[in-house]
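Protein chains in written order, with the working numbering: chain C, 714 to 1338; chain A, 5 to 176.
If you are wondering where the hints come from, they were derived from the structure by calculation, not from laboratory data. For glycine and all other residues, C-beta sits at the position ideal for the given N, C-alpha and C. Do not take every clue at face value.
[As the list claims (entries may be wrong)] Now the in silico label distances, taken between C-beta atoms and shown as ranges:
hint, chain 1, residue 1, chain 2, residue 2, range
1, A, R88, C, D1299, 54 to 62 Å
2, C, A1248, A, R19, 57 to 65 Å
3, C, A1283, A, R88, 45 to 53 Å
4, C, D1169, A, G114, 27 to 35 Å
[Stated by the list, open to error] List of simulated lysine-lysine pairs, DSS-like, C-alpha gap at most 30 Å:
hint, chain 1, residue 1, chain 2, residue 2
5, C, K884, C, K1208
6, A, K33, C, K884
7, A, K33, C, K1312
8, A, K70, A, K33
9, C, K750, A, K70
10, C, K1208, C, K1312
11, A, K33, C, K750
12, C, K1044, C, K1208
13, A, K70, C, K1044
14, C, K815, C, K884
15, A, K74, C, K1208
16, C, K1312, C, K884
17, A, K70, C, K884
18, A, K74, A, K33
[To be verified] Incomplete in silico selection of chain A near chain C, CB under 7 Å:
hint, residue
19, Q27
20, L35
21, R37
22, Q38
23, A45
24, A46
25, E47
26, A49
27, A51
28, M56
29, W58
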Amino acid sequence: MALLQISEPGQSPDPHQRRIAVGIDLGTTHSLVAAVKSGVAECLPDARGRLLLPSVVRYLQGGGRLIGHEAVLAQAQDARNTVASAKRFMGRALADIAGADKLPYDFVQESGQGGMVGLATADGVKSPVEVSAEILATLRQRAEDSFDADLYGAVITVPAYFDDAQRQATKDAARLAGIHLLRLINEPTAAAIAYGLDNAAEGVYAVYDLGGGTFDISILRLTQGVFEVIATGGDSALGGDDYDAALADWVLQRLGRSADTPTDKAAARMAARACKEALTATEMVAFSVFLAGDSVQFDVSRADFEAATAALTQRSLAAVRRALRDAQLTKDEVQGVVMVGGSTRMPQIQRAVGEFFGRTPLTNLNPDEVVALGAAIQANQLAGNRSDEGGAGDLLLLDVIPLSLGIETMGGLVERIVARNETIPTARAQDFTTYQDGQTALAIHVVQGERDLVQDCRSLARFELRGIPPMAAGAARIRVTFTIDADGLLSVGAKELTSGVEAHINVKPSYGLSDAQIARMLQEGFATAQDDMQARAVVEARVDAQRMLLATQSALDADGDLLEAGERTAIDALMQTVRAVLEAQDAAAIEAATEALAKGTEAFAAQRMNRGIRDALAGKSVQSF
Amino acid sequence: MQLQSDDFELFGVPRRFAQERAQLDARWKDLQRQAHPDRFAAEGAAAQRVAMQWSVRINEAYQRLKDPLKRAAYLCELHGAPIRAEDNTAMPAAFLMQQMAWREALEEAGGAAAIDALDDEVQQARAAALARVGALIDGQQDWAGAAQQVRALMFLARFAQDVDRRREQLGQ
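Same shape as in the complex, but just chain A:
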């Protein structure tokens, strides 16, 4: 076990998309019990420094593993298909049309009911995209295809944030 080990090795879980959240949570806590700087508070600065590096590394891995979107992106990257969201924004026309339709609906949404309906639709699209990512990664090892789905999921995540913001505006 090294600081440089990948997230899956560090957490002792199989290197795949499908993960059990409860197991990740439990592993995270087990690992922090061993490495957290609080365990070494009485042991001087050197031990504290090392503990902090480990603790930071464990938190980083946990953040990535527990979030399906980050986990998928990480797996694509490990297999030589980086996401490059900033310079690869080409998406299928149908997907972009859908996005535009949603954006319009969000702007026109005047009440909680309209927003909830939109939110449901987005969540369903997200669940479907995640299922596709799972199949592409765990089933077909199609990393380029999975990376494309991850980029679509990033659009959805951003839109979900805008939905939240709009809800907040209307709530006040």
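If we strip away everything but chain C, and leave its shape as in the complex, we get:
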């Protein structure tokens, strides 16, 4: 017999139980997890009260791994096996990584890695996606410990300037870590949410986000809970790491020394970082490092550091100028500049940005935490938790695609399909035809970037369309639809118009992981290693099924009047089928019933949307009540 549940007064056993949803800032140097607790977003500490988790994973011989602070301890001694800044390698080939020779890693570029660079460690070759998944899984565990409950889902932040391959790699890492990804959102946008809600800001704001490895600039318009990104720009390979490297180079050059071994390379970088951080508070610091067995010292002033890194700061300001031009705004129209990312603590950055905009940048939020906090607020809302608990009201993000998308045409030229800074989600259709009699396949090469030649842009993927009905050359009309979803990820669909045949699409990502690789990595297990995969699948299917049941029920409660009696009966029957299999230990059966319910309610969902739109158009008259 089931026990009667008694709840305390004021805590009703709401069927729409609060879902645990978190925001994760997966950073180059460190990562954080935040959640909305009692209406306020806060970062979650680990067992020892620390908020920042160093984004470092150390692989040990025989399969062990240390993550975060424990991995950092031996960073200099075991540099080759201690992977830091994996974010810089996500969705990247070895040739893309600037200064790879200065890093203490053993990079491998295997053809089997789908083009993405790998790292040889004591525990075998690791993909940057696997390294990131370890960090995500650790933060997931932290959140679950903090709430003593399973995680419903997470919003993970990415640099606004991340291209499709880098976003896809991040999404894959979430999948490996067993995290239900609610949304990928851009770091500056997340920061704007936290800042905007905190300060009830309205108007045009710029977010200058200089992290450990990436730089973003976003120009947003804030109006009544709508965060509209007008333009975004940046450099996905410019960050605090580069300031460290420039400083290390500068000092080594003055000393007439070089760092050649992995240990020396790591030592030089860590010394540069310590020196950089100290220079935030003082004017003059000794750069001290242990190189090739002897201790070396060199005095560095703030002015030296500034001179050694001026070119980097100028690079960031060039991107700011470009973003303003894209937004068709002048600097005077920007009401405030929000500083995000630990690297904005450097005094020369604050001064340069202040001088550029002619106003003091806003630094009243902790630049390390603000991104995770904004992501947590968005996660809470996406999970369907009531907004009064999130303090977010009714927020809506309208973000943009950071880089133009194009396809390769004759002679290696790029034909632009979607222009940068277009609001997502968005879609474009393009018609193609065959150039040979009886041709049944077509290859489309999609690239991302602003340049006119394919070789100057980033290759995203090659799509092979198969199953086109054989026709005379030029007779087929193949409509290819490129869709960019709210995560900023591309998908492609194709249909031959005269016959109506849907072409089968085979995607070959240029720098991504294949489904087979992901499956293998999943087998190898992450923080989920002890879990029985089978049991996990059943639990996940059940959660999905319950989510679908709840969603359908609330849709019926709200808009059931849209349905004819027959339609209603059909949906009720589908729901009953789901309930009947819910307790079975058969993941496939639960999934099938859930899928059937999803399909059976699609038309209803479309009708509800129509009603919503009509209400929006009539909104003025409703509000005037």
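Please build the complex by placing chain A on the supplied structure of chain C, with the hints as guidance.
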């Protein structure tokens, strides 16, 4: 209201060239509040799919409505006078002479001042052409005439891009 409704119906604004930008912006946000996939994140894949279609459609309409050039082209198309910019490049001789003169001036422009002056001239020509388009569409319903003006505006837009590019070159 359907996904197939035209942009004006979708945004609930009159089907004409003259539009208020502030109203379009507000409608866009109102509609996205209803349809954006984020509103349905907790509701399963089917609702997400439908929401995405609507959201894409609303963004498409907004892109077209807020840009006077695209809006004019769209109205011409709706009224059976497609622009066909790629196979209809015949322009009046005077217009082409003007274009050539501008191109020469752009190549010779050596500093910001010269470029700014040229830019001003182009912007004025653009404003005048837009006013003519407005009169042809809203006043006279002369769709063929409006389509011709739209093609002229497309030349101007391309030239304005070249001006920007030149400015960027000189700036570095």
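Verify the interface restraint on Q38/A: the C-beta must sit less than 7 Å from at least one C-beta of chain C.
-> 4 Å, holds
Under the criterion of a CB-CB separation shorter than 7 Å, is M56/A in contact with chain C as hinted?
-> Nearest chain C Cβ about 5 Å off; hint holds.
Is the hint on W58/A kept, meaning its closest Cβ partner in chain C is under 7 Å away?
-> 5 Å, holds
Agreement of hint A51/A with chain C interface, Cβ distance less than 7 Å | Nearest chain C Cβ about 5 Å off; hint holds.
Taken at face value, is the distance from the CA of K70/A to the CA of K750/C at most 30 Å?
-> Roughly 41 Å between the alpha carbons, so the hint for K750/C and K70/A is violated.
Supplied distance hint 54 to 62 Å, evaluated on CB atoms of R88/A and D1299/C | 58 Å, holds
Given hint K884/C paired with K1312/C - CA-CA distance at most 30 Å | 25 Å, holds
Under the criterion of a CB-CB separation shorter than 7 Å, is A49/A in contact with chain C as hinted?
-> This hint holds: A49/A lies near chain C, its Cβ roughly 6 Å from the closest one there, short of 7 Å.
Determine whether the Cβ-Cβ distance between A1283/C and R88/A falls within the hinted range of 45 to 53 Å.
-> Hint holds: Cβ distance 47 Å, inside 45 to 53 Å.
Verify the proposed pairing of K74/A with K1208/C, using a straight-line Cα cut of 30 Å.
-> Holds: K74/A and K1208/C sit about 27 Å apart, inside 30 Å.
Agreement of K1044/C and K1208/C with the hint, judged by alpha carbon distance not exceeding 30 Å = Distance of about 46 Å is beyond 30 Å: violated.
Are K884/C and K1208/C close enough, with their CA atoms no more than 30 Å apart?
-> Given pair K884/C, K1208/C holds - Cα atoms ~28 Å apart, limit 30 Å.
Figure legend: structure checked against the earlier numbered hints; hints not met, in rising order: 9, 12, 17, 19.
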